[in-house]
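J.: As you go down the protein sequences, you meet chains A and B in turn. First residue of the first sequence: 1, per the numbering used here; consecutive thereafter. First residue of the second sequence: 1, per the numbering used here; consecutive thereafter.
Hint data in this document are derived by calculation from the structure and do not stem from the laboratory. Check each hint, because a few of them may be wrong.
Derived list of chain B stretches under chain A, where covered just means 3 residues or more per stretch with a C-beta under 8 Å from a C-beta of chain A [stated by the list, open to error]:
(1) 5-19
(2) 57-70
(3) 77-89
(4) 189-197
Covered by chain B, per the in silico footprint, the following chain A stretches (three or more residues, Cβ under 8 Å) [what the hints assert, rightly or not]:
(5) 36-46
(6) 102-108
(7) 247-255
Heads up, the beta-carbon is just placed ideally off N, CA and C, and yes, glycines get one too.
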Amino acid sequence: MTDETLLSARGLNLRFGKIAALVNVDADLWPGEVLAIVGESGSGKTTLLNVLSGRIAPQSGVVWYRAPDGRLVDVHAMPAPALRALHRSDWGFVHQNPRDNLRMAVTAGGNVGERLMAQGRRNYGSIREEAIAWLGQVEIDASRVDDLPRTFSGGMLQRLQIARTLVTNPRLVFMDEPTGGLDVSVQARLLDLIRSLVRRLNIAAVLVTHDLAVARLLAHRIMVMQAGCVVEAGLTDQVLDDPQHPYTQLLVSSVLTA
Amino acid sequence: MTIMLETQALSKQFLLHLQGGISIPVLDHVDMQVSAGECVALAGPSGAGKTTLLRSLYGNYRAGSGAIRVRHRGEMVDIVTASPRLVVEVRDETLGYVSQFLRVVPRVPAVEIVAEAARGMSAEEATRRAAAMLTRLHIPTRLHGLPPATFSGGEQQRINLARGFMGSHPILLLDEPTASLDNANRDIVVAMILEAKQSGIAVVGIFHDTDVRDAVADRLIHVLPLQDAA
Chain A
1 MTDETLLSAR GLNLRFGKIA ALVNVDADLW PGEVLAIVGE SGSGKTTLLN
51 VLSGRIAPQS GVVWYRAPDG RLVDVHAMPA PALRALHRSD WGFVHQNPRD
101 NLRMAVTAGG NVGERLMAQG RRNYGSIREE AIAWLGQVEI DASRVDDLPR
151 TFSGGMLQRL QIARTLVTNP RLVFMDEPTG GLDVSVQARL LDLIRSLVRR
201 LNIAAVLVTH DLAVARLLAH RIMVMQAGCV VEAGLTDQVL DDPQHPYTQL
251 LVSSVLTA
Chain B
1 MTIMLETQAL SKQFLLHLQG GISIPVLDHV DMQVSAGECV ALAGPSGAGK
51 TTLLRSLYGN YRAGSGAIRV RHRGEMVDIV TASPRLVVEV RDETLGYVSQ
101 FLRVVPRVPA VEIVAEAARG MSAEEATRRA AAMLTRLHIP TRLHGLPPAT
151 FSGGEQQRIN LARGFMGSHP ILLLDEPTAS LDNANRDIVV AMILEAKQSG
201 IAVVGIFHDT DVRDAVADRL IHVLPLQDAA
């Protein structure tokens, strides 16, 4: 068990006008680990994801990322091109709405291959082969490689986004409600897919979800947010089965079981 | 014998914020020791806190005070104070737990649910051994490839047991492992527990079936209900 974190945040604060989106938030993520951030809408979980991934700057606090060469880099002090390069290669970001990430006018295979080309790959034959292999990994039939994403269902679009994200073998993936807005049967398939890919490829992930069952299935650890504060954090099953904070107790007891 | 698990002054109470902050004490200064190759049964009336104790040992419930030390990689690790990451590692390598109910993962076939709990072997070997264990527990081959969501309670429990035994953890916690099993399957589970003890595994279990308990347990630890405090 390595003690070196992959990502560490200390003392993050961010206000939008009168609204405190992040209040003194600390977070740590180790290699190969899945961390869930849960809480109701407006609790600051997506803001935290955006700050951890360098997409929004905090008003105070720091986010450190350990680069593959072992150096610690300050995510918010990096030059913009370096951060973009990180997002293109070492990191992945899975959006709730796949249309925010996919190019709708480019074929499915092109969407996956584009990330490889952005890394400088130029052999179109091998890029296409790899794209087809990744479509297979996310259970999209190879016959759909030249189809446009607009002919895909919502669940397929989400799977295509995951293929596009993982094709560069990222070490760290940020996921914002990856199963939100999907039918439950499609959700189950996607969850199983994310779970097996994360395990098999040993990817570290920060997962934002309001669905506690999703957190239980995927995450080793969990952070519970309320009004910008982390009110409870720990082992996923311990926090969900024996919640200590009043807000977590409310959250857990409010879940309907089918 | 090597002590594999011990508690010291383990106490646990539930503080229910949504019910006006009432506090329900369940465990008060529990001291216990379990050695390698030994099976200890938690005994006591329903509601006394047996499952709470077992779940606390696993770190599923957070102990209020006291220590829970388990032998992990040759050293005693206190589950109460260990970092969540270390608890994850301890559960991976040292501490197995079979709950009363299988938490099914959508779409994953029964044989895979069992096989993925295996440690230190190839995927093929794990699948082969998982299938053999399911067959031993009378799960017909035609069900191995199906996700267990639609299986009967007894079948799900046997999947859960197979998964628990597959990991061959040095310490195994069993919560009512035979509750919904028929006699034939119950006898197999008894045999599996005896084999686990033979191989040096320390077992802590809750067994309502006294025949099962008498067959597997070396000792009883009595868990008695505490007076509820206001």
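J.: Each hint should be assessed against the structure and marked as holding or not.
T.: A quick look at each hint next to the structure:
| no. | hint | result |
| --- | --- | --- |
| 1 | 5-19 | holds (count 5) |
| 2 | 57-70 | holds (count 4) |
| 3 | 77-89 | holds (count 6) |
| 4 | 189-197 | violated (count 0) |
| 5 | 36-46 | violated (count 0) |
| 6 | 102-108 | violated (count 0) |
| 7 | 247-255 | holds (count 3) |
Hints 4, 5 and 6 from the earlier list are contradicted by this structure; the remaining hints agree with it.
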